[in-house]
Amino acid sequence: VARHRLHELADELAELPARATARAADRVAELAADEARRATGDGRMSGMGRRGPQLRAVAAIRTRGRSTTAEIRGVPAGAWAILQSGAVAHVIVARRGRVLSGPGMRHPVRAPVRHPGARGKRTWGRVLAQARAEVPELVADDVADIVR
Amino acid sequence: VAREEIRIDITTEDDASRVLEDVAEQADRVDAADPNVEVTADTSSAQADLTDLGAKADRAAADVAKVGDSSDQSRSVLANLVGNSAQDLGELGGVAGTAGVAIGQLAEYATDGNISLRGLVATAGPMLAIGVAVSFITKHMAEAKQEAEELKKLNAELAESLRAGDVEAAAEKMADGYGDLIDQAEAAGVSVQDLTRFLTTQDMTLQELLATGTATGDEMVALALNVTQAKDSFADQSGALATNVARQQEIQEALGGTAGAASDGAAATRDLTAAYDELTGRLSDDAAYLDVQDSFDDVEQAAREAFAAAAAGEGDAEQAARDHQRAVIDLKQQVADYSATVAEIPPQQATEILAMIDRGQFAAAEAALAQLERNRVAHLRLEVAYPNRPVGYPPNAPWPPTGAAASSTVVNVTMPRGMRGRDVAAALEGYSRRNGGRLARR
Numbered sequence: 012v013a014r015h016r017l018h019e020l021a022d023e024l025a026e027l028p029a030r031a032t033a034r035a036a037d038r039v040a041e042l043a044a045d046e047a048r049r050a051t052g053d054g055r056m057s058g059m060g061r062r063g064p065q066l067r068a069v070a071a072i073r074t075r076g077r078s079t080t081a082e083i084r085g086v087p088a089g090a091w092a093i094l095q096s097g098a099v100a101h102v103i104v105a106r107r108g109r110v111l112s113g114p115g116m117r118h119p120v121r122a123p124v125r126h127p128g129a130r131g132k133r134t135w136g137r138v139l140a141q142a143r144a145e146v147p148e149l150v151a152d153d154v155a156d157i158v159r
Numbered sequence: 010v011a012r013e014e015i016r017i018d019i020t021t022e023d024d025a026s027r028v029l030e031d032v033a034e035q036a037d038r039v040d041a042a043d044p045n046v047e048v049t050a051d052t053s054s055a056q057a058d059l060t061d062l063g064a065k066a067d068r069a070a071a072d073v074a075k076v077g078d079s080s081d082q083s084r085s086v087l088a089n090l091v092g093n094s095a096q097d098l099g100e101l102g103g104v105a106g107t108a109g110v111a112i113g114q115l116a117e118y119a120t121d122g123n124i125s126l127r128g129l130v131a132t133a134g135p136m137l138a139i140g141v142a143v144s145f146i147t148k149h150m151a152e153a154k155q156e157a158e159e160l161k162k163l164n165a166e167l168a169e170s171l172r173a174g175d176v177e178a179a180a181e182k183m184a185d186g187y188g189d190l191i192d193q194a195e196a197a198g199v200s201v202q203d204l205t206r207f208l209t210t211q212d213m214t215l216q217e218l219l220a221t222g223t224a225t226g227d228e229m230v231a232l233a234l235n236v237t238q239a240k241d242s243f244a245d246q247s248g249a250l251a252t253n254v255a256r257q258q259e260i261q262e263a264l265g266g267t268a269g270a271a272s273d274g275a276a277a278t279r280d281l282t283a284a285y286d287e288l289t290g291r292l293s294d295d296a297a298y299l300d301v302q303d304s305f306d307d308v309e310q311a312a313r314e315a316f317a318a319a320a321a322g323e324g325d326a327e328q329a330a331r332d333h334q335r336a337v338i339d340l341k342q343q344v345a346d347y348s349a350t351v352a353e354i355p356p357q358q359a360t361e362i363l364a365m366i367d368r369g370q371f372a373a374a375e376a377a378l379a380q381l382e383r384n385r386v387a388h389l390r391l392e393v394a395y396p397n398r399p400v401g402y403p404p405n406a407p408w409p410p411t412g413a414a415a416s417s418t419v420v421n422v423t424m425p426r427g428m429r430g431r432d433v434a435a436a437l438e439g440y441s442r443r444n445g446g447r448l449a450r451r
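Chains as they are written, first to last, in our numbering: chain A, 12 to 159; chain B, 10 to 451.
By construction, these hints were calculated from the structure, which means they are not laboratory data.
Residues from chain B shown here face chain A by an in silico Cβ test under 10 Å; the list is partial: (1) E14; (2) I17; (3) I19; (4) E22; (5) D23; (6) E30; (7) E34.
Remember, it's a predicted structure, so these values are computed and weren't measured experimentally.
Every residue, glycine too, gets a C-beta built ideally from N, C-alpha and C.
Please construct the entire structure, taking both the sequences and the accompanying hints into account.
Next up, the structure:
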């Protein structure tokens, strides 16, 4: 192989971590949005706030030397945590001047409400499972494109 | 629920580009030192490792399964796993492109076993990088080797086509090919005439040929096998030769008799002259080197006589000293001529040798000349090693993991005579230092 091609390949490989990681992070964010829609119907966590927060994933990508790391977090973390692991039974107290409303309630109430608890749907776990299957292949594809 | 759980870390590391860049720079430096340098890659060890790729894949999968059965799903178990099968996985990743699968399996186990993906990816990343580096080097060095071979073949074909028309030379070459067989036959008591008759005609059977010999047992069996093979290949070669002759005759006829014959004769003469020049050139090179060596011996002899004469206080001590001086001058002249005209030794090298002679370091000068005279081969062993301990790797576990990343590529650098081995050695050692001793000279 020609010497200049060696240099070119080295350059292309050096750029790989940043590119591959960004691509992988985008894919994981897509997977998270899909799984959230599957679990909730509209991708929002009902029963939290007025409209229910949108469940999504955000990535912080850092490159240090020859290593690039994407830290992908589910936001809001609390909503994802409940979807993942569920919630124990608890009492919900309305804040001063506010009333409580939610699915299954005929009308808003001021009195504390007993939440029966919820089973986790392991939604984030499914995101993780898909990511671990797809991400290495994405990276391997990128590598193969360069080395081929 | 801990927030940490709602998080995925992906780390991609690149170690391959650094290794490649080093290799490329090395090639640049060697090329800059001498454009005639030939860089060849011996990938036999890497390729040998790949032959049992399937077995390695099975072994890696078995390791994963074994750990999956284990109740102790701690990080140290993962560390052991990485240590045991890093090499397999690295090779799989680079060469077969299934690192994704292998690492995915690891990830599956690790996440189920309360091992954070962060730690896992940090560990798996270098393995992928190693695989990439190994596969890249193996692949492209193999390509380089193939290109070189194709070029060689092309040259041979070119030379062959240039030689078209020189039937005698082809026949001679063919005869050379049977030199070993002739030796073997003579050792077994079979005459060259009988052997030639057997090979070139249908007048003699194998039994008749062997009956003329005196040897028995294994020797005769070996001869029988070889002559049978030789007869077959001779038939093929003669066929080719006959076709060539027929083609030439056709050309000659087309050219019109005498004119064709004349040009053919001229071409044959040119070939003969070139062959003779080549042979005499080589012989005179060898002879020139022998002459230089003789001059070294003369100097040694003259010196010994001069010192003996001086020590004994003989009357001709002064004459002996002059003889010695003359021998030294002759030697310097010989070395200078040889360096400039025959061996094409770089002037600075030749000057160094002459200076050694001036200082009376005859043995060193002779050794230096012999050193420059021969071709050089430097073997470089390129080891692809783990990078620094990854983040999240257990602090108590050994790094790099035991038995990991033993893949290596051997790069052979062959230099023409006249180049100093120490130039290459110095460059390599510098390279090795800069890369934490990853490149080991052999």
